[in-house]
Each structure stands twice: as C-alpha cells, then as structure tokens.
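Those protein sequence lines, which keep their order, are chains A and B. Note that our numbering has the first sequence beginning at 4, numbered continuously upward. Note that our numbering has the second sequence beginning at 39, numbered continuously upward.
These are calculated hints, taken from the structure and not from any lab test. Ideal Cβ positions, reconstructed from N, Cα and C, are used throughout, including at glycine. It is possible that part of the hints are untrue.
[Stated by the list, open to error] In silico contact screen, one side only, chain A against chain B (beta carbon under 7 Å); selected entries:
| hint | residue |
| --- | --- |
| 1 | GLU13 |
| 2 | GLY17 |
| 3 | LEU18 |
| 4 | THR21 |
| 5 | GLY22 |
| 6 | ALA29 |
| 7 | ARG44 |
| 8 | SER45 |
| 9 | ALA75 |
| 10 | CYS102 |
[As the list claims (entries may be wrong)] Calculated pairs, EDC-like style, for lysine to aspartate or glutamate (alpha carbon to alpha carbon, straight line, at most 20 Å):
| hint | chain 1 | residue 1 | chain 2 | residue 2 |
| --- | --- | --- | --- | --- |
| 11 | B | LYS201 | A | GLU43 |
| 12 | A | LYS27 | B | ASP220 |
| 13 | A | LYS121 | B | GLU129 |
| 14 | B | LYS210 | A | ASP39 |
| 15 | A | LYS23 | B | GLU129 |
| 16 | A | LYS16 | B | GLU224 |
| 17 | A | LYS38 | B | GLU182 |
| 18 | B | LYS326 | B | GLU182 |
| 19 | A | LYS16 | B | GLU223 |
| 20 | B | LYS210 | A | GLU43 |
| 21 | B | LYS221 | A | GLU13 |
| 22 | A | LYS38 | B | ASP179 |
| 23 | B | LYS236 | A | GLU108 |
| 24 | A | LYS23 | B | ASP179 |
| 25 | B | LYS332 | A | GLU109 |
| 26 | B | LYS359 | A | ASP39 |
| 27 | B | LYS326 | A | GLU108 |
| 28 | A | LYS27 | B | GLU175 |
| 29 | B | LYS236 | A | GLU13 |
| 30 | A | LYS151 | B | GLU175 |
| 31 | A | LYS16 | B | ASP220 |
| 32 | A | LYS38 | B | GLU175 |
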Amino acid sequence: MLEYIKGFFELVKGLGITGKHLTKHAVTLQYPEEKDVMPERSRGVVVLLSDKEDGSLNCTSCLLCMKACPTAAIIIDAPRGEDKKKVLKKFELDFSLCCYCGLCEEACNFSALKLTGKYEYSTGNKDDLIWDVHKLQDVGRDVDYVDKRKKKVKKVAPKPTVSEATDEIKPTQSADKIETKPVEIKTDKIKTDKIETPQDKDEKPKTEGEA
Amino acid sequence: MSNLRTEEFDINMGPHHPSTHGVCRLLLTMDGEKVVKVVPYIGYLHRAIEKICENRTYAMCIPILDRFEYVTAMSCNYVFSLAAERLSGIEVPERAEYLRVIMLELNRIASHLIFFGTTAMDIGALTPFLYALREREYIMDLFEMTCGQRLTYNYIRVGGVSKDIPNEFTPKCRETVATISDKVEEYKRLLNGNPIWKMRTIGVGKLDADLALAYGVSGPILRASGVDYDLRRDDPYSIYDRFDYNIPIYQNGDVYDRYMIRLDEIQESCKIVAQALDQIEDGPIRAKVSPNFKPAAGETYTRIENSRGEMGVYLVSDGTKKPFRVKARGGSYPHLQLLPEIATNCMIADLVAIFASFDVILPEVDR
C-alpha cells in the first residue's frame, strides 16, 4: 500500500514538471510564416559569386572545385579559346548529388563560389535540381563575401557577364546549354563509383587559372 | 479446455517500425505475446561507405564518413583524421585538440539526449522526447554556428579542424552546458521515481558482464553491466588526461541502468566541456596539410570512445593519396547481435524496451 502512495506522489511530481512548462513560451517557430535566421557560416545552397564592381563571374575555370567535390556534383566545361585562355562554357551543379560538405568553397582560391544560408529550393522535378551557370549566378547576386583574389587577377574578364545573363539573349543561351547536358556521362560516373582525378595530369591548375 | 492447441506464429517488426530506430527488420516468432525467437535482418541502409572511401582522397573521405554514424558525426570525422595522423605522424596544434574535445563531448551529449528521448518514447513516455530534442537543439545551434551544418559536420580534418570557433561560441557554449546539466537533473526527477517507468525497466533485459565481454560489447552498455572500461582513459587519445571527470559504472545491466548511465555521462561530458573552455588558449587550429595529402604506407587500427561504444577505423595506406582500405567499426553491430541472446523469452513490449536501451543506430550497423 505504501508503495502505491509513494508511486502516486512520484507521478504527481512528474506532472508538476510538465505543468511548469505550460506557463513557458513555445520554443518552436511557425515555419513558413516565421523563419529562423541562418548563421553566417551556414552551409546551404551553393552559389556562384560575381565581381562587386563589374558584375562578372569570379570563376576562372581552374577546375579545383570540380576536383575537390567528393560526389562529383560539379561539372565544368571550359575549353581553351582562340587566345589560349579558358572560356567557361558550362558550369553545372547537381543539387541531388551535392552533400554540402563545403570542400569546393575551401578549394577555390578566387572566391568564385560559396555555400550560403539559403535553403528553400525544393522541387517536384529532379531535373530542376541541376542548376546552370546563370541560375547559380542569379541566386548568388545578393550574397556578401570576402574577396580572396589578388588584385592582379582583376584584368581577366571571364565570359558570362551580367549583361549577357540578364539580356534577352539569355533564354537562347540557356536553351543551348540544356541541349548539351551530358547526363549520360554523369550516370556512368555514379555507376562505376569513380571520381575523375585530373590532378594526376596537370599538377598546377592554379597557375593555369591565373594565366 | 485443456486440449486447446496454440501455435507459434512469425511476425515482422520493421523495417519501418518506429521503434527500430532506422531500418532494421526483426523477424519474431511469437507464442502469444511472448517472444520465442528473434532474428535481426540488417542491410537496408547499406551504402558501401568503406568502398566509396577507397575511391576518394583523404579529404573527401571525411564528408563520406560523416554518414557512417550520423548521430555523432564528429566522432566519425575524428577517428578517421586520427588514423591518418597516426600514419603520417602529423602533430596537431594545441587549440585544435581542445576544439576537438569540445565538439566530441558536445556531440556525445547530443547523442545521449536522443537516446533519452527515443527510449522514453518507445517505452511510452512522450514528454521526455520533446524535452530532450529541445535541449539538443542548443547543441545543434552551436555546431551550425561553428561549421555551418547541423548533422554532417565535416569539421574535424586531418591535421586539426576546419574553422575556428566564432566569438559568440564560448559564452553560448558555457550557458548551454550549464542548462543541460540542470535539465538532466530535471529529467531524473521526471522519470526515475515514476512507478510505470520503474516497472518497465528495472530487471528487464539483464546482461551480465561475461556475456557482454563475450559479444564484444563496449561503451555505456558494458559499463552498465559493471565492467569499468572506457577508451578515453584505457587507450588514451587526444587530451582527455587533462580533465577531471568520472566514469560512471552501474552493476545490474538492466534497461534502467543503461538509461541511468547515459544520463550520468551527459553530466560528466558537460564537466569536460566546461573545463576545456576554461583551459583553451589561442593558437593555430590546423597543421599544414596539403590537399593531396599522402600518408606513409602502413596500416593502423585507431579507436575512440563514442557514445555507442568503441568506434574504430582500420586504415591501410599504400602511400598514394587515396586510402587502400578503410574498415569502419561501429559499436552498434555487436549490440544488435546480442539482441536475440537477451530478448528471447521476454514479452514483446520488453523487446522494444531492450532494443531501445541498446541505442542501436542502423547506419552504423549497415555502413
């Protein structure tokens, strides 16, 4: 009998603790209406950064981020143009593969890309998760960043500039890009579970990028 | 009535049963409500993490190994980095060691809070789950503030840590640790004396020390059975010898002791974090390690004390920039193996309690 009375008092004690919380405010947020402030270092959507002055992309097509990516989510195609300079023809990021590890941002020496605190990009279509260079640049327009580049790099004018991206030419350009999407190549990569490591071939990609 | 015949029957518990903590299928042979036989079927979460690591450089392996045991991803980061450092003899700066200890212990607290919440929920008390996850959120905020992610951190690297802590970290961390230490007292008041909780846990799923040792059990479950064994003290790594903390030991080895020991460990970890925050000094946070880091050829088995027992990495290097073999050892596998041994001939509700008290996490079992 004594045990039952003791047990009853313990139950009341427990109820007292839960009862105390009745008077306190909720710790949760009503998400779509209220939003949490993401920390500065938050690793969400990857964006391409643009130059603060002329609005061109910071990317020099050095391919370091592509090589650092553990899931091969980044695909860059940058053939050499007539003047032997690399031209950024394609920069695609597949968010269905990206694991948000931030190694690409660490590998980049030119502040070309950054993981931001943005997170609302869910879609019903998996193909929409493959973002091309224009989308990556548009999303990253308002992102603040510390420029890691040296001053002398500034004279290089990378190809896809803001004017091109925002002009009426944009739809045709992106349409071209969609046609040339090498989806087959990507799936092959996943199947064989190998990551291309072009580091073996060219040991100093940094200097190439600066050229 | 005496010639009524009953038959045993098989049922599947899982793979998507809420109390299997992931995707584990238990094939139960039942005699009424009594469990006659338990056969765990694993492999639903197999991602070939070990094989994937063989095709990646050392830096790339760390985000992959984050997924090995995602409740304490800091430990996964740490054990792999430690193995690579031991192979190549890299000296880690002092401040980095402190940061690592702080993060590891915070992650241990977060993991035990998950244990506390889910075990109580499996046994039938919903409130502790909400409280535990509320406190865990503070720790997740600390991690997010430091490395940007809440679950898969990629923070501890070969040679140190990736980023230094922000300025607001230290005061917030002190506050969090003090809050959690207080809250654990509240949890104890909430559940320890509760007669329903006591009936469901005391004397249920008894595991004696001999059986535990025979099955390779480690961590809190082993210590709840009365074996005084903690790798932080018995196979020293990092700077754990500089802190003053106790290793709680319980003798009965039942569900109640396994629950109590984890609550005590939360408080001990809070002590370690508070001391580390006092002792930490300014300095570099990472030794110079090239992105194409190549350790010397050789092999090592490195183990640390994780919240679920011994976590180890057997790393074979052939001197190239990719590991030749990575074998990840998690504490949960032997614990799941032990389930048929001690859950046979118990009631199905007790099976849930025993399984929850083992704190098995399936990604660690399946890899």
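Okay, the hints, checked on the actual structure:
1. GLU13: Result: holds, 4 Å to nearest chain B Cβ.
2. GLY17: Result: holds, 5 Å to nearest chain B Cβ.
3. LEU18: violated (9 Å)
4. THR21: The hint holds - THR21 (chain A) has a Cβ within 7 Å of chain B, the shortest such distance being about 5 Å.
5. GLY22: violated (11 Å)
6. ALA29: violated (10 Å)
7. ARG44: At about 4 Å, which falls below the 7 Å cut-off, the nearest Cβ of chain B leaves the hint on ARG44 (chain A) intact, so it holds.
8. SER45: holds (5 Å)
9. ALA75: With a minimum Cβ separation of about 10 Å from chain B (threshold 7 Å), the hint on ALA75 (chain A) is violated.
10. CYS102: holds (6 Å)
11. B:LYS201 / A:GLU43: holds (13 Å)
12. A:LYS27 / B:ASP220: Given pair LYS27 (chain A), ASP220 (chain B) holds - Cα atoms ~17 Å apart, limit 20 Å.
13. A:LYS121 / B:GLU129: Roughly 37 Å between the alpha carbons, so the hint for LYS121 (chain A) and GLU129 (chain B) is violated.
14. B:LYS210 / A:ASP39: holds (17 Å)
15. A:LYS23 / B:GLU129: violated (50 Å)
16. A:LYS16 / B:GLU224: Distance of about 11 Å is within 20 Å: holds.
17. A:LYS38 / B:GLU182: At roughly 16 Å apart (the allowed maximum being 20 Å), GLU182 (chain B) and LYS38 (chain A) satisfy the hint.
18. B:LYS326 / B:GLU182: violated (25 Å)
19. A:LYS16 / B:GLU223: holds (13 Å)
20. B:LYS210 / A:GLU43: holds (16 Å)
21. B:LYS221 / A:GLU13: holds (18 Å)
22. A:LYS38 / B:ASP179: holds (15 Å)
23. B:LYS236 / A:GLU108: Violated, at roughly 52 Å.
24. A:LYS23 / B:ASP179: Violated, at about 25 Å.
25. B:LYS332 / A:GLU109: holds (19 Å)
26. B:LYS359 / A:ASP39: Judged against 20 Å, a Cα distance of about 41 Å means the pair is violated.
27. B:LYS326 / A:GLU108: holds (18 Å)
28. A:LYS27 / B:GLU175: holds (17 Å)
29. B:LYS236 / A:GLU13: Cα-Cα ~11 Å, so holds.
30. A:LYS151 / B:GLU175: Measuring from Cα to Cα gives roughly 33 Å; hence the hint is violated.
31. A:LYS16 / B:ASP220: holds (17 Å)
32. A:LYS38 / B:GLU175: Holds. LYS38 (chain A) to GLU175 (chain B) sits at ~16 Å (cutoff 20 Å).
In summary, the numbered hints that this structure violates are 3, 5, 6, 9, 13, 15, 18, 23, 24, 26, 30.
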